Amino acid sequence: MGKKLKFILVVLAVIVIAVIGAWIYINKASDDFSEKVPKATYTFKEIMEKTSNDTSGLSRLVDELIAVKGVIKKVTNDSTSTTVELGDSNTSSSVICQIDSRHQASCSFLKEGQPVCIKGKVAGFNVDLDLGLGNTIQLNYCSLEKK
Amino acid sequence: MKKVFFSLLVFVSLQASAQRFMTKTGTIDFVATGAIEKIEGSNKSVACLLDSKAGSLDVIIQIKSFVFEKQLMQEHFNENYMESDKFPKASFKGSIINMASINMAKDGEYTADVVGKLMIHGVTKDVKSTGKVIIKGGKPILKSAFAVLLADYGIEIPGAVKDKISKDVKINLNCALDAMK
Numbered sequence: 001m002g003k004k005l006k007f008i009l010v011v012l013a014v015i016v017i018a019v020i021g022a023w024i025y026i027n028k029a030s031d032d033f034s035e036k037v038p039k040a041t042y043t044f045k046e047i048m049e050k051t052s053n054d055t056s057g058l059s060r061l062v063d064e065l066i067a068v069k070g071v072i073k074k075v076t077n078d079s080t081s082t083t084v085e086l087g088d089s090n091t092s093s094s095v096i097c098q099i100d101s102r103h104q105a106s107c108s109f110l111k112e113g114q115p116v117c118i119k120g121k122v123a124g125f126n127v128d129l130d131l132g133l134g135n136t137i138q139l140n141y142c143s144l145e146k147k
Numbered sequence: 001m002k003k004v005f006f007s008l009l010v011f012v013s014l015q016a017s018a019q020r021f022m023t024k025t026g027t028i029d030f031v032a033t034g035a036i037e038k039i040e041g042s043n044k045s046v047a048c049l050l051d052s053k054a055g056s057l058d059v060i061i062q063i064k065s066f067v068f069e070k071q072l073m074q075e076h077f078n079e080n081y082m083e084s085d086k087f088p089k090a091s092f093k094g095s096i097i098n099m100a101s102i103n104m105a106k107d108g109e110y111t112a113d114v115v116g117k118l119m120i121h122g123v124t125k126d127v128k129s130t131g132k133v134i135i136k137g138g139k140p141i142l143k144s145a146f147a148v149l150l151a152d153y154g155i156e157i158p159g160a161v162k163d164k165i166s167k168d169v170k171i172n173l174n175c176a177l178d179a180m181k
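These protein sequence lines map, in sequence, to chains Y and Z.
Per our numbering, residue 1 is the first one in the first sequence, and the count goes up by one each step.
Per our numbering, residue 1 is the first one in the second sequence, and the count goes up by one each step.
No wet-lab data here; the hints were simulated from the structure.
Remember, predicted model here, so these are calculated numbers, not experimental data.
With a straight-line Cα cutoff of 25 Å, these simulated DMTMM-like cross-link-like pairs (lysine to aspartate or glutamate) come out:
| hint | chain 1 | residue 1 | chain 2 | residue 2 |
| --- | --- | --- | --- | --- |
| 1 | Z | Lys125 | Y | Asp128 |
| 2 | Y | Lys111 | Y | Glu35 |
| 3 | Y | Lys39 | Z | Glu79 |
| 4 | Z | Lys70 | Z | Glu83 |
| 5 | Z | Lys170 | Y | Asp78 |
| 6 | Z | Lys139 | Y | Asp128 |
| 7 | Z | Lys86 | Z | Glu75 |
| 8 | Y | Lys50 | Y | Asp130 |
| 9 | Z | Lys164 | Z | Glu37 |
| 10 | Z | Lys89 | Z | Asp58 |
| 11 | Z | Lys167 | Z | Asp85 |
| 12 | Z | Lys170 | Z | Asp58 |
| 13 | Y | Lys74 | Z | Asp107 |
| 14 | Y | Lys28 | Z | Asp29 |
| 15 | Z | Lys86 | Y | Asp63 |
| 16 | Y | Lys28 | Z | Glu83 |
| 17 | Y | Lys28 | Z | Glu69 |
| 18 | Z | Lys136 | Y | Glu112 |
| 19 | Z | Lys93 | Y | Asp130 |
| 20 | Z | Lys181 | Y | Asp128 |
| 21 | Z | Lys117 | Z | Asp51 |
| 22 | Y | Lys74 | Y | Asp88 |
| 23 | Z | Lys89 | Y | Asp54 |
| 24 | Z | Lys89 | Y | Asp31 |
| 25 | Z | Lys86 | Y | Asp130 |
| 26 | Z | Lys125 | Z | Asp152 |
| 27 | Z | Lys89 | Y | Glu64 |
| 28 | Z | Lys53 | Y | Asp130 |
| 29 | Z | Lys93 | Z | Asp113 |
| 30 | Z | Lys162 | Z | Glu69 |
| 31 | Z | Lys93 | Z | Asp152 |
| 32 | Z | Lys181 | Y | Asp130 |
| 33 | Y | Lys36 | Z | Glu69 |
Partial list, computed: chain Z residues near chain Y (C-beta under 7 Å):
| hint | residue |
| --- | --- |
| 34 | Ala47 |
| 35 | Leu49 |
| 36 | Ile60 |
| 37 | Lys64 |
| 38 | Gln71 |
| 39 | Leu72 |
Idealized CB from N, CA, C, for every residue including glycine.
Construct the entire structure; sequences and hints are all you get.
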């Protein structure tokens with residue numbers, strides 16, 4: 001095999017590897033956190049207390065994976081998604097969990113009043129002072145915590 | 001049987017007479033179709049509050065609650081376009097100006113003329129749009145479809161992809177509201 005041919009083959013191989021790498025990088029699916037260990041586990045009461053007396057601590061939890069133990073206040077289903085609201089009837093404050101579509105089937109049995117532990121990535125929070133919506137913490141890519 | 005009918009009547013009457021309705025699990029989907037690819041995001045945890053007496057409407061959206069199929073899309077959306085660490089929320093504060101023509105006690109589909117202030121990426125603009133209010137069992141479902149020009153809200157498209165990414169975004173809002181207790 002001539003030197004020139006060898007060089008062309010190496011260049012072609014590098015190009016093919018680069019294209020495959022770029023394709024994988026561009027099309028990589030969003031992270032699945034269902035098998036990952038949450039940074040911390042809170043009860044609904046503990047995490048909601050942070051919205052009134054530790055918002056800086058709560059800010060540090062944004063983008064972190066946490067688990068929240070609470071009672072289901074509402075389940076919203078459509079063909080492609082399930083959203084679970086944790087809370088209780090005494091307060092309008094709640095934790096909203098968007099169930100990861102990859103784990104929607106395993107959450108199909110969830111119903112109001114059921115105690116659960118849900119983990120997800122903290123997307124943000126809203127401290128409501130005037131609308132009467134109560135404070136809200138939002139979790140994304142949620143799944144049921146099995147432990 | 002009478003008891004059941006009476007309870008049902010009381011329930012429907014209470015729903016119809018309720019003044020404030022809300023949800024924290026409303027949906028906003030957006031689509032931006034450009035030459036490179038179609039960018040789609042979905043947020044299923046939109047807070048929405050309607051005062052049916054005053055016609056006032058509030059919508060609060062956490063930007064990081066938008067989910068995407070592809071991780072890279074989500075990163076670009078939050079870091080390069082929406083700068084969601086700096087501007088974590090978007091909101092709408094306004095009113096349905098023809099609220100008087102919407103009969104909350106009668107099931108049906110009504111046209112809603114909405115005006116108010118839309119805040120995205122830290123920029124607030126006066127907006128006017130038309131949507132639908134669907135009354136079902138005394139509860140309203142709000143639906144609206146509108147487009148937003150990225151430049152109006154100071155959202156810059158990086159030079160390298162400027163001609164390949166859509167300059168406007170089509171947004172769909174869908175909020176099924178419950179009476180506030």
